[in-house]
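Student: Heads up: the protein sequence lines correspond to chains A and B, in order. Letter 67 of the first sequence, counting from 1, is numbered 194 in the numbering used here, and no numbers are missing. Letter 97 of the second sequence, counting from 1, is numbered 101 in the numbering used here, and no numbers are missing.
It should be emphasised that the hints constitute simulated quantities derived from the structure, not laboratory data. Note that this is a predicted model, so its numbers are computed, not measured. Incorrect hints may appear among the rest.
What the hints assert, rightly or not - Simulated crosslink set (DSBU-like; lysine-lysine; CA at most 35 angstroms straight-line):
| no. | chain 1 | residue 1 | chain 2 | residue 2 |
| --- | --- | --- | --- | --- |
| 1 | B | K50 | B | K7 |
| 2 | B | K76 | B | K7 |
| 3 | B | K19 | B | K62 |
| 4 | B | K50 | A | K278 |
| 5 | A | K252 | B | K100 |
| 6 | B | K90 | B | K7 |
| 7 | B | K132 | A | K278 |
| 8 | B | K124 | B | K76 |
| 9 | B | K106 | B | K50 |
| 10 | B | K110 | B | K76 |
| 11 | B | K19 | B | K74 |
| 12 | A | K252 | B | K74 |
| 13 | B | K100 | A | K278 |
| 14 | A | K278 | B | K76 |
| 15 | B | K132 | B | K32 |
| 16 | B | K132 | B | K19 |
| 17 | B | K25 | B | K90 |
| 18 | B | K62 | A | K278 |
| 19 | A | K278 | B | K110 |
| 20 | A | K165 | A | K153 |
| 21 | B | K110 | A | K252 |
| 22 | B | K124 | A | K278 |
| 23 | B | K19 | B | K32 |
| 24 | B | K124 | B | K62 |
| 25 | B | K50 | B | K132 |
| 26 | B | K74 | B | K106 |
| 27 | B | K132 | B | K90 |
| 28 | B | K25 | A | K278 |
| 29 | B | K115 | B | K62 |
| 30 | B | K115 | A | K252 |
| 31 | B | K32 | B | K124 |
Stated by the list, open to error - Have a look at the derived ranges for each label pair, beta carbon to beta carbon:
| no. | chain 1 | residue 1 | chain 2 | residue 2 | range |
| --- | --- | --- | --- | --- | --- |
| 32 | B | Y67 | A | R415 | 32 to 42 angstroms |
| 33 | A | E234 | B | R64 | 22 to 32 angstroms |
| 34 | A | K175 | B | P51 | 53 to 63 angstroms |
| 35 | A | M130 | B | P6 | 20 to 30 angstroms |
| 36 | A | E232 | B | D95 | 34 to 44 angstroms |
| 37 | A | E478 | B | Y67 | 30 to 40 angstroms |
| 38 | B | D95 | A | E234 | 28 to 38 angstroms |
| 39 | A | E288 | B | K50 | 29 to 39 angstroms |
| 40 | A | M130 | B | M5 | 24 to 34 angstroms |
Don't be surprised by glycine CBs; every beta carbon is placed ideally from N, CA and C.
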Amino acid sequence: MEMWRFLSPQILFGADSTEYLERFEKRRAVIVTDEVIKNLDYVSDVSKHLENSETVTIRAREPCIDDALELAEEMREIEPEVIIALGGGSVIDVAKAGRILMEAEIEPEEITPFTSLEEYGFRGKTSLIAIPTTSGTGSEATWAIVLKNIKERRKVIMAHERAMPEIAIVDPAFVYSMPDHLVISGGFDALSHAVEAFLSSFSNPFSDSLALNSLRLILDNFIMSYGGDRDAREKMHISATMAGIAFSNSQVGVVHALAHAAGALLGIPHGLAVGAFLNPVLEFYAERGVERLGEMNRNLGLNILREIERIEAELRLFEYIPVSEIESHRSEIAERAMEDSCIVTGPFVPEREDLETVIERVVRRCMREES
Amino acid sequence: MPKLFSDEWVREYMKLLNESKEYEDAAKDWEGDFLFVVEPDENLDKPMYIYLDLYHGKAREGYAVDDPSKVKPAFEFRGRYSNWKKLIDGDIDPIKGLVTGKFRLKGNMAKVMRYARAAKILVEIARKVETEFPD
Numbered sequence: 128m129e130m131w132r133f134l135s136p137q138i139l140f141g142a143d144s145t146e147y148l149e150r151f152e153k154r155r156a157v158i159v160t161d162e163v164i165k166n167l168d169y170v171s172d173v174s175k176h177l178e179n180s181e182t183v184t185i186r187a188r189e190p191c192i193d194d195a196l197e198l199a200e201e202m203r204e205i206e207p208e209v210i211i212a213l214g215g216g217s218v219i220d221v222a223k224a225g226r227i228l229m230e231a232e233i234e235p236e237e238i239t240p241f242t243s244l245e246e247y248g249f250r251g252k253t254s255l256i257a258i259p260t261t262s263g264t265g266s267e268a269t270w271a272i273v274l275k276n277i278k279e280r281r282k283v284i285m286a287h288e289r290a291m292p293e294i295a296i297v298d299p300a301f302v303y304s305m306p307d308h309l310v311i312s313g314g315f316d317a318l319s320h321a322v323e324a325f326l327s328s329f330s331n332p333f334s335d336s337l338a339l340n341s342l343r344l345i346l347d348n349f350i351m352s353y354g355g356d357r358d359a360r361e362k363m364h365i366s367a368t369m370a371g372i373a374f375s376n377s378q379v380g381v382v383h384a385l386a387h388a389a390g391a392l393l394g395i396p397h398g399l400a401v402g403a404f405l406n407p408v409l410e411f412y413a414e415r416g417v418e419r420l421g422e423m424n425r426n427l428g429l430n431i432l433r434e435i436e437r438i439e440a441e442l443r444l445f446e447y448i449p450v451s452e453i454e455s456h457r458s459e460i461a462e463r464a465m466e467d468s469c470i471v472t473g474p475f476v477p478e479r480e481d482l483e484t485v486i487e488r489v490v491r492r493c494m495r496e497e498s
Numbered sequence: 005m006p007k008l009f010s011d012e013w014v015r016e017y018m019k020l021l022n023e024s025k026e027y028e029d030a031a032k033d034w035e036g037d038f039l040f041v042v043e044p045d046e047n048l049d050k051p052m053y054i055y056l057d058l059y060h061g062k063a064r065e066g067y068a069v070d071d072p073s074k075v076k077p078a079f080e081f082r083g084r085y086s087n088w089k090k091l092i093d094g095d096i097d098p099i100k101g102l103v104t105g106k107f108r109l110k111g112n113m114a115k116v117m118r119y120a121r122a123a124k125i126l127v128e129i130a131r132k133v134e135t136e137f138p139d
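Next comes chain A alone, as it looks inside the complex (with noise of 0.2 angstroms):
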């Protein structure tokens, strides 16, 4: 077996575990959110521990460069000893960005897993703990960013190990009210991501033990979650961070290249993308004879497919995607999925003719659901 490696933040889970930041209560710290939650009145609910605190507030958006950089600039005025990123993906991806940022003298776009932070200056001085408010993203245990350069409408993956929270709050608290658009495009990214972690090329026993049981909890508990049951909400909210870990730790594939594009290019907000493209993508991998698919229904005991059409019928959440937006704009989808990084890490690496018939798979689909 070729050399891997397996990274995971300490993870605190299950109720009240937002009390672990007691533990923090005399450092310096700054809480980051948006205008979302911070409206929710979540903060206080976090600064309640700490007795050192002040709050950052990011624009409720799509994460760009730009706000990264702004959070570093404010960061390096405060000079805090502790950040705690607080909301969902888009609010922890900048801050991952932000506490890299606020100590290298580093283009953003430079942050690789192969970049010596250090060599910039990096010597990780604050900690970062991160405390999801949505299912779905895994972004407080992931050591990837995803940032969107605005003027290039493109998403930026950046990635390293340094930029992995020390410590994920995965506290049911938040999600329990979550509104239903984000229980949907929160659960398919977890689901995304589970099911590519266990098909991607790098997947491994680790990655693998943790992607097969956040699927098993994600198949049982999605709908019911939508449903508003609080212990399904509990459990969604757990394998998210599982299936989180689980791709970190492998990677993600061709859905993501996809969806990737599809969201720059569109606006299509992450989650409602990855639903859209992962059917298509995996009957495209089982025409292909891709052994892992097989592997993943053993192990499950299931068809996965038939299990995310259930899920997508149950849910419509084909109601939600722009499918003449997509349609008239599969070429440059195509071309642009080509270029991302997360195209070679699947099971194999498509042809761009492969993924326009991908595309047009999700078009059919879409237009054969409305009808």
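With the hints as your guide, set chain B onto chain A.
Tutor: Below, chain B alone, put in the same frame as chain A:
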């Protein structure tokens, strides 16, 4: 059979690269030259270097280098001999090799990340060169 990183090896590698439509497509906008460095270890006495100028999906120039200070490439990719051998034999994935520190890359990382497919094909084609290893 050409010896690893000899002029003959580079010529054969360039020939295969320039015949590859797949590489041409994946690297159609790429501009950047490389110095590839094989560092000595228990199976190699002294370092080996090759220079390769890659431009718009083609290898424009390439040769074995005696003195690396005479070239100023945009990128440098280096690793120990035993790891190079495993890479060319298909036992190490180039991305995993970089992440785990078996290989090191210098240059514009952001640019490389956008050409992950081209990088993968570069390695796949290197594996097609019938190679005589020093040991």
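Student: Each of the hints needs a verdict: does it hold here or not?
Tutor: Right, here's what the structure says about each hint:
For the hint pairing B/K50 with B/K7, the CA-to-CA distance comes to about 15 angstroms; that is within 35 angstroms, so the pair holds. The hinted pair formed by B/K76 and B/K7 meets the criterion: a straight-line CA distance of about 24 angstroms does not exceed 35 angstroms. With a C-alpha separation of about 10 angstroms, the suggested pair B/K19 and B/K62 falls inside the 35 angstroms cut-off, and the hint holds. In summary, the hint linking B/K50 to A/K278 is not supported, as the alpha carbons are separated by about 47 angstroms, beyond the 35 angstroms threshold.
Annotation: proposed proximity of A/K252 to B/K100 holds, straight-line Cα distance about 27 angstroms (limit 35 angstroms). This hinted pair checks out: B/K90 and B/K7 have alpha carbons roughly 16 angstroms apart, not beyond 35 angstroms. For the hint linking B/K132 to A/K278, the alpha-carbon distance of about 40 angstroms lies beyond 35 angstroms, and the restraint is violated. At most 35 angstroms may separate the alpha-carbon atoms for a hinted pair to count; B/K124 and B/K76 meet this at roughly 24 angstroms.
Under the criterion of a C-alpha separation no larger than 35 angstroms, the hint pairing B/K106 with B/K50 is consistent with the structure, at around 18 angstroms. Of the supplied pair hints, the one linking B/K110 and B/K76 holds, its CA atoms being roughly 12 angstroms apart against a limit of 35 angstroms. Distance hint between B/K19 and B/K74 is fulfilled; the C-alpha atoms sit about 24 angstroms from each other, no more than 35 angstroms. Taken as a hint, the A/K252 and B/K74 pair is broken in the structure, with Cα atoms around 39 angstroms apart against an allowance of 35 angstroms.
Our distance criterion of 35 angstroms between C-alpha atoms is met by B/K100 and A/K278, whose separation comes to about 31 angstroms. With a CA separation close to 31 angstroms, the supplied pair A/K278 and B/K76 stays within the 35 angstroms bound. Distance check on the hinted pair: B/K132 and B/K32 sit about 21 angstroms apart at the alpha-carbon level, within 35 angstroms; holds. A hinted pair counts as satisfied when its Cα atoms are at most 35 angstroms apart, and B/K132 with B/K19 qualifies at roughly 11 angstroms.
In summary, the hint linking B/K25 to B/K90 is supported, as the alpha carbons are separated by about 26 angstroms, within the 35 angstroms threshold. Our distance criterion of 35 angstroms between C-alpha atoms is met by B/K62 and A/K278, whose separation comes to about 29 angstroms. As the CA atoms of A/K278 and B/K110 are separated by approximately 27 angstroms, the hinted pair is consistent with the 35 angstroms bound. Pair hint A/K165 plus A/K153 holds up; C-alpha atoms about 23 angstroms apart against a cutoff of 35 angstroms.
Distance check on the hinted pair: B/K110 and A/K252 sit about 25 angstroms apart at the alpha-carbon level, within 35 angstroms; holds. Between B/K124 and A/K278, the direct Cα distance comes to roughly 28 angstroms. Compliance with the 35 angstroms bound is thereby established for this hinted pair. The suggested pairing of B/K19 with B/K32 holds, with an alpha-carbon distance near 17 angstroms, which does not exceed 35 angstroms. Distance check on the hinted pair: B/K124 and B/K62 sit about 15 angstroms apart at the alpha-carbon level, within 35 angstroms; holds.
Distance restraint check for B/K50 and B/K132: the Cα-Cα separation of roughly 25 angstroms lies within the 35 angstroms cut-off, and the hinted pair is therefore satisfied. At roughly 25 angstroms between alpha-carbon atoms, B/K74 and B/K106 fall within 35 angstroms of each other, so this suggested pair holds. Simply put, B/K132 and B/K90 have alpha-carbon atoms about 14 angstroms apart, close enough for the 35 angstroms limit, and the pair holds. This hinted pair checks out: B/K25 and A/K278 have alpha carbons roughly 31 angstroms apart, not beyond 35 angstroms.
For a cut-off of 35 angstroms, the pair hint linking B/K115 to B/K62 stands: about 17 angstroms separates their Cα positions. With a CA separation close to 28 angstroms, the supplied pair B/K115 and A/K252 stays within the 35 angstroms bound. A C-alpha spacing of about 14 angstroms is found between B/K32 and B/K124, which places the hinted pair at or below 35 angstroms, so the restraint holds. Between B/Y67 and A/R415 the C-beta distance comes to about 40 angstroms, which sits within the given range of 32 to 42 angstroms.
For the pair A/E234 and B/R64, the supplied restraint of 22 to 32 angstroms holds, since their beta-carbon distance comes to about 27 angstroms. For A/K175 and B/P51, the hinted distance range of 53 to 63 angstroms is satisfied, since their beta carbons lie about 60 angstroms from each other. As the Cβ distance of A/M130 to B/P6 is approximately 29 angstroms, the hint placing it in 20 to 30 angstroms holds. In this structure the hint that A/E232 and B/D95 lie 34 to 44 angstroms apart at CB holds, the actual value being about 37 angstroms.
Between A/E478 and B/Y67 the Cβ separation comes to about 33 angstroms, which falls inside the hinted range of 30 to 40 angstroms. Distance hint check for B/D95 and A/E234: the Cβ-Cβ separation is about 34 angstroms, which falls inside the suggested range of 28 to 38 angstroms. A beta carbon spacing of about 33 angstroms between A/E288 and B/K50 agrees with the range 29 to 39 angstroms that was offered as a hint. A hinted range of 24 to 34 angstroms holds for the C-beta pair A/M130 and B/M5, which are about 29 angstroms apart.
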